[in-house]
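Number of protein chains: 2
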Amino acid sequence: MAREQIYNFSAGPSVLPASALERARQDLLDYQGCGISVMEMSHRSAWFQEIFDAAKAKLKAALQVPDSHEILFLQGGATLQFAAIPMNLLAGGTADYAVTGIFSGKAAQEAEKYGRVHLAFDSASTGHDRIPPQEQLLLSPDARYFYYCSNNTIYGTQWHYVPEAAAPLVCDMSSDILSQPVDLSRYGLIYAGAQKNMAPAGLTVVILDKALAGQELPCTPQIMRYQTLIENDSMLNTPPCWCIYMLGLVLDWLESQGGVTGMAQLKRERARRVYEFLDNSRLFHPHAQPDSRSDMNVTFRSPSAELDEEFVRGAAARGLLNLKGHKLAGGMRASLYNAMPMEGVTALIDYMKEFEAKHHV
Amino acid sequence: MAREQIYNFSAGPSVLPASALERARQDLLDYQGCGISVMEMSHRSAWFQEIFDAAKAKLKAALQVPDSHEILFLQGGATLQFAAIPMNLLAGGTADYAVTGIFSGKAAQEAEKYGRVHLAFDSASTGHDRIPPQEQLLLSPDARYFYYCSNNTIYGTQWHYVPEAAAPLVCDMSSDILSQPVDLSRYGLIYAGAQKNMAPAGLTVVILDKALAGQELPCTPQIMRYQTLIENDSMLNTPPCWCIYMLGLVLDWLESQGGVTGMAQLKRERARRVYEFLDNSRLFHPHAQPDSRSDMNVTFRSPSAELDEEFVRGAAARGLLNLKGHKLAGGMRASLYNAMPMEGVTALIDYMKEFEAKHHV
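Taken in order, these protein sequences are the chains called H and F.
In terms of the working numbering, the first sequence has 113 at position 113, counting the first letter as 1, and numbering is strictly consecutive.
In terms of the working numbering, the second sequence has 247 at position 247, counting the first letter as 1, and numbering is strictly consecutive.
Same shape as in the complex, but just chain H:
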């Protein structure tokens, strides 16, 4: 079956830039005349070291990472960081957690194994439809850090400000990293699974203030000890080489598109168009409160679960993939990550209009 254009709205792993995939395909059997694939390279080889260093340098430039901070290329996903962060930074003390979705909730639960968790906010009672304003954050005086998740992939909410706290900020940026400029000097640690805006699944990027490392609990596995990882430049053991290579290709594309400033303009425009349609729709309703809406994951629903299902099925039939909402949230979700072209947004809105005209009574 010949398909026209495919647009992949998956929440992650998700769409990657076509140019990065094309370069990966060209290099797959023989990287730049080396005679072997990147997948076959020793991580200690000069070839791979160059790929590694270049990806790190490009990420440092794209996010303007200050010299006080170190970039780590790790494995294990955000879920491993849910434990690594309190093992390294909490060490039996108290940390403030703002729970605004499933993943920040899981992070808080995991941290309880390693110290005291104080809930600075919890949006569970309103179905995680909002982000608290600064004045609603209950901060404890002795917190080792303040933890939050900048964008909630499942419920489609996003922090549109950087919270103020006396303690270092720790932020899960898995689903909005590289989508906008960020002042990393305000953060003790940020991290992100790569599989949304950066690379294929299997790479986790951690960027932390080096001054915070080295005070972990004795039970911390060596491979989760930030100080050791810094000392070994992420190569205590074999890193996820292919994903790091792909990150480099994605960062080349990102730079060609105007970097994170260019990404921020595009993401705002993509999201604006979809929310504008939803706000005027007689059939669809957005989930998140207006001032908490995510530019990355737009969550919405029709009046019934049956209609939601029909919408998702019809969308897939015309090449608009993965619009089904997360099972915990229901409804629909359109993930509009960096690599989603504006044409995909247009195609989505066109389909929503058609669907509305057919089903609105």
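Just so you know, not all the hints are guaranteed correct.
When chains are identical, the list treats them as one kind, so a pair holds in a single copy or across two.
Heads up, simulated DSS-like pairs for lysine-lysine below, C-alpha to C-alpha not over 27 Å straight-line [claimed, not checked]:
1) K58 <-> K210
2) K60 <-> K327
3) K327 <-> K58
4) K210 <-> K106
5) K113 <-> K210
Since the hints were derived computationally from the structure, they do not count as laboratory data.
Computed from a predicted model, the values in this text were never measured in an experiment.
Put chain F on the given structure of chain H with help from the hints.
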């Protein structure tokens, strides 16, 4: 510069079957008509679930994994398992460790954080040049498990028998998994980083007796808890999708080559030819004791470090890559993993002969 044939003797990440790389290249932009790359697929999609299930089924078939055991596809490498194993299986008790190389030594050191480690053997005093016979293993009566590493990549030694112990056997098979049949019913747990005989770096395969799971220490991170990973079929979070896909392609190739029985014949023949040359050489000397020699990693040296260096440089110039020994062992190392064609072995021996003729006085 046009190169003739490249043979990659890297100890890992290492050579992959050409047919698997070719299929990956063909599918890279559009997997089997899906319209998207495997790298862009949601891990919850039907497409990826099929890839995942097929890879797991092929591995189960290739290794004849009994139903009592579960296959896990994880991240973090062997180094994460150095901690995960004692966190899950030791729980404050005693375990026997046979230290026959660097990685089993690191595993023993890490385990000390989580219980008592008893050294059943340690070959450090002879430069890790040997594997103990059964009668030299000092087993403790109350051990929770007996730990060993079946093949020592750095020093080029290999266990040619399965040790007898009352406690469950736990084995790091990172560098010889899938190279020979193995009776998994004799093991409590085996594991392997994928980057030698299975797939690109970024995937760790754990195969464990399900009866052993569920007794972990309270400090065990959720993502390292075997019971949770079993319950979630390795998808507590996003798995390393690309590596799992590649594993499936490698297993297709493996099956076409006669499976692990075919691999065992080939590896014995590859190793036999190289050791035969070394045993008769007037210039080169193998490192490992004859009865402990590895079929996967052949370690050897010339009379001087300068000559070793010249050998490695000259080899690379004719497309025989990555023959330098590990920095801890020195000398040379030829890794002869599953995907190394016999032509590579012939080319290596031809070069060694030439080099010997030139330098033997």
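Here is what the structure says about each hint:
Proximity of K58 and K210 under a CA criterion of 27 Å is satisfied intra-copy only: 19 Å inside one chain copy versus 44 Å between copies. Taking the closest pair of Cα atoms, K60 and K327 never come within 27 Å of each other, the shortest separation being 36 Å inside a single copy and 30 Å across copies. Taking the closest pair of Cα atoms, K327 and K58 never come within 27 Å of each other, the shortest separation being 36 Å inside a single copy and 30 Å across copies. Taking the shortest alpha-carbon separations for K210 and K106, both the intra-copy value of 25 Å and the inter-copy value of 25 Å come in at or below 27 Å.
When the C-alpha separation of K113 and K210 is checked against a cutoff of 27 Å, the pair qualifies both within a copy, at 24 Å, and between copies, at 24 Å.
In summary, the numbered hints that this structure violates are 2 and 3.
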